Amino acid sequence: MTPPAKPAGTSGGFGQVVSKVPSRFLPVIATFVVFVATFGVGSARYEGFASGQVMANLFIDNAFLIVLAVGMTFVILTGGIDLSVGSVVALSTMIAAAALQAGWPAWLVVIVVLAAGSGLGLAMGWVIHRFGVQPFIVTLAGMFLARGLCFVISVESVSIKNPTFRDLATGSIELPGGVTITYGVVIALVVVIAAMYVLHLTRFGRTVYAVGGSESSARLMGLSTTRVKIGVYVISGFCSALGGLLFSLYMLSGYSLHAVGMELDAIAAVVVGGSLLSGGVGFVIGSVVGVLVLGTIQTLISFEGTLSSWWTKIVIGALLLAFIALQRIIVRKT
Amino acid sequence: MTEPVVDMRGISVEFPGVKALQEVDFRLFPGEVHALMGENGAGKSTLIKALTGVHPLAAGEIRYAGESVSFGGPAQAQAAGISTVYQEVNLCVNLTVAENILLGREPRKFGRIDGKAMRARAAELLARIGLHIDPGSVLESHPIAVQQLVAIARAVAVDARVLVLDEPTSSLDADEVAELFRIIRVLRDEGVAVLFVSHFLEQVYEISDRMTVLRNGRLVGEYATATFSRIDLVSAMLGREMGVLEEIERRSGTPGDPLLVAEGLGRKGSVAPFDLEIRSGEVVGLAGLLGSGRTEVARLLFGADKADSGRVLVDGKPVHLRGPRSAIEVGVAFCSEDRKAEGVVADLTVRDNLILAMQAARGWARPVPRKLADELVAKYMEMLDIRPANPEAIVGNLSGGNQQKVLLARWLVTEPKLLILDEPTRGIDVGAKAQIQKLVADLATEGMAVLFISAELEEVVRIADRVVVMRDRQKVAELDGEVGVDDVMALIAGGGDVNEIEAVAS
Amino acid sequence: MKNRLLWPVLALVALLVLNVVVTPSFFSLRLQDGHLYGSVIDILRNGAPTLLIALGMTLVIATRGIDLSVGAVAAIAGAVTCTYIASGGDPWIGMGIALLLCAVLGLWNGFLVSVLGIQPIIATLVLMTAGRGIAMLITEGQIITVDSPTYREVGAGFLVLPIAILISLAVLGLVALVTRRTALGLLIESVGVNPSASRLAGVKSRTIIWTVYVFAAVCAGIAGLMISSNVSAADANSAGLWIEMDAILAVVIGGTSLAGGRYSLTGTLLGALIIQTLTTTVYTVGIAPEITLVFKAIVVIAVCLMQAPIRIRVRQGVPA
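Protein chains in written order, with my numbering: chain A, 1 to 334; chain B, 1 to 506; chain C, 1 to 320.
Excised from the complex, chain A in its bound form (with noise of 0.2 Å):
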């Protein structure tokens, strides 16, 4: 029974370098395929389809999108999951609106909207983590909550008329090539780049790796779990805040009935990136490629004109049951 021991250094099946391509970043190449392969069909059947602009369009049209698609992230990074994201855009562009209206300067409605969000993710997080309600019905609450606010705030759509906003909003921005951009994509792209780093470069966005993939372990590690469980709905809650303004700019208006059923989109298009709904897998960047993927099967559908928009739902539907097999596949193999 007592095997002969082996002289120290020559460390037999140890020692190999495992040095292939690692499996949790097929989910991603997946993602960035679908959207070549998209992108590239639009690109073969309609002229025009492969220009700089459209590309732009790309990201001007979901600039909120993936703002939410970058909170949901890290939400389902953990484990966890936000459905009150819609909502609180809605929320956001309410408040905006309103205090707009009333006369509030924009710094200063920038600075509440986005501290409204971060505090209902902080309450919905608190109560996830002390009370151990699933963060399925919390995040129901707030969605229901934040909307409920919204009517409390006015039924009625509210334009807004500040010149800031206006000013922020038609703006823009002209890259080489004569491709122009929003200010809201730059502000998404702040946010992904800000993202990534919080994600991959401090301990914080370690720690929501960590939780994700094994809370209790990353309890014994010693880890500050409590500051991440509710960090990340705090972050989702900001996300959803900025959302909600660049949605505003986007409409220059604020509405209840805005951004219904967003949270939908979020989660779909962090799926399809290649994140794990049961956490601790994913990348930002594969939740922005899949917002595009998003984006473009939108873009194709209008192209083609004759294919009606129901069918990017059930496009979607289908992705998403793709991606699922997916990652059961991986799964299984590892």
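Among the hints, a few may not be true.
DEER-style ranges, computed between Cβ atoms [as the list claims (entries may be wrong)]: (1) B/Ile394 x C/Ile143: 48 to 54 Å; (2) B/Arg112 x C/Ile298: 40 to 46 Å; (3) B/Lys19 x A/Ala322: 52 to 58 Å; (4) C/Val13 x A/Gly305: 55 to 61 Å.
Bear in mind the hints are in silico, worked out from the structure with no lab data behind them. Given the structure is predicted, the values throughout are model-derived calculations rather than measurements. Idealized CB from N, CA, C, for every residue including glycine.
Got chain A; can you put chains B and C on it based on the hints?
For chains B and C alone, kept in the frame of chain A given last:
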């Protein structure tokens, strides 16, 4: 001898209704490998958790490096230099090797994690224990054994003075164990005190310098490995509980035809291929230490785990065991050792639990008629003396002994041909224990075949017609007729050539 | 059991008392042309689809699952039936086809969850997203109005009481009867409380889980018929929108834990009534109906916190 780095005196730990540890003394010296030995419920993990501050002490004192300490939890203990590596790898498999080693204390530059420095530092730590893997690779891509070693690398990264290894070898193969031991020796020679828990006697004798044996929450003794024989160790661990058993009347009639025959049944990493024959009206005892493969044998026979070699015949016909249902269909029943997780359905009533297996076999559309259910429940509650005698009581509120009886009754109502009982008497009171033992004897007299697994050799030897002995995931012997506890103990202890012992025993 | 239903009962009673205080005639009923009218009847009638879906959801949740797709399935049921009737088909056959299709969708969900082992929340998210698209595909994006008296009866008809109420109470009775008289209830709870013990006891959990998803989808289908029949139209976009959330809330308020295990149909009935009464109360008290959502959120959190054991371990366990 130098001063002990850990000195625990008169340690008692209590849980509601249970005294998990009673006045246990434990010493650990720098530069030694100290094995902590004991069966299920002996208090090994409770002692470790008392040391690392998971469980509060009811009495006693812990001195660490000469000072009286009381840690608030594993994190504090680790900060002080006591690192623990658990049986299930407590790392995050979705992160890289380097992150797993350094998470929470990553080198940082301007507030951000310095990935390059981190990988370099991790490589250094890995080199210290002689493990040559890419620190940037994801932990998941490595086998469990390597993950275990990474956990050790993390544990020693904090300049640990004490390293606690709680069953680190249970899922490793021989080469991997050798690698682990090499690393343990390196650390020992650096002056680290290693506390080692394992169920494999071979390993304990190979690696440890001293050992402490616990039984039922009490200290049996502290011994030097070199002068403590295997037989003595096994008897210290298992003990002798005399007088518990009522005189069991066993007919010495001839058992019936072979009911179940296993030929070369085995599962990689779980139990080596074995042959086994169980006859109707016979009680076969399965003896061995925890982790010897005794539970794995039972699970394979029931189809709870899938075998990857061999075959099973029931009544002479081969049976393909795809899962528990196919075993149940041919009349095999199995009570798991883990009552809570795999036995009772805690939130349901005694009645529901009792008829569950019967109901499952009938499918949901054919309910057990109320009258029949009432009769069965009444019959078995009386026969097994289940208390409280209330069919509507929630099983989770019953005592361990009564839960065990409910489980037994669940299978008895299905009138199985073979009943597999995995430690049915563990952790239950003396009265219930005697009742269950008597029941097993009666069932066999009535013609049922029983496979009886227990850590208590006295019990196995008294009840069984035949005793199968397991060691190191192998079937090592089968003893017929009048079996003595000493014979079985010698086999379990092993330590020599297997064939030689078999020759001695027969 | 009694304890679990205490808070929901108190909440419902409080709401009813509030209503009586504001409108003393709250409980009065009047018979007109053989039809019974009154505030209580309205509550029951408007709550009927939610109750139906919540019944299916109760069983799904009891097995540790969740079904997000019920709203979309309800929309599909309405879309199929109305499209069929609009093209000159018989309403009964149309409803039959719709419910059959719903059963197939339930099979699909059950397949993903029990055979492929995908987390229920993701598995049903697929159909939640794609389902509305399918409904719109069927109606070609139009709101299809139909003029069929027979079909109208389902959601708007009366048999002294509104037929919608009778249907959902009948389904409630049927579920209660089936789960109690057969062993379905026992096996569902057993799978939900302890899946591994159930497996070792020989329970076919795959069949059980499959059954509850099919049942939930059929319940959603019937609810979808009610919703669309009530307005004699199929609106693929907004029919049954967010009804899955209301249903889940009804189940949770009724004391069935999202972690699975023991369930209470009575609790679900209470939960559905609380949600509907709340909506009505907000209206009668004179608050803008849209603000109901705020109160809903408060009730959810309150009821959940009452039921949630505070995690003491988190405080005294490992220092954060």
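Between C/Val13 and A/Gly305, does the C-beta distance stay in 55 to 61 Å?
-> With Cβ atoms ~57 Å apart, the hint holds.
With 48 to 54 Å as the target window, see if B/Ile394 and C/Ile143 comply at their CB atoms.
-> This hint holds: roughly 52 Å between Cβ atoms.
Is the gap between the beta carbons of B/Lys19 and A/Ala322 within 52 to 58 Å?
-> With Cβ atoms ~56 Å apart, the hint holds.
Does the Cβ distance between B/Arg112 and C/Ile298 fall inside 40 to 46 Å?
-> 42 Å, holds
Against the hints set out earlier in the document, no violation occurs for any number.
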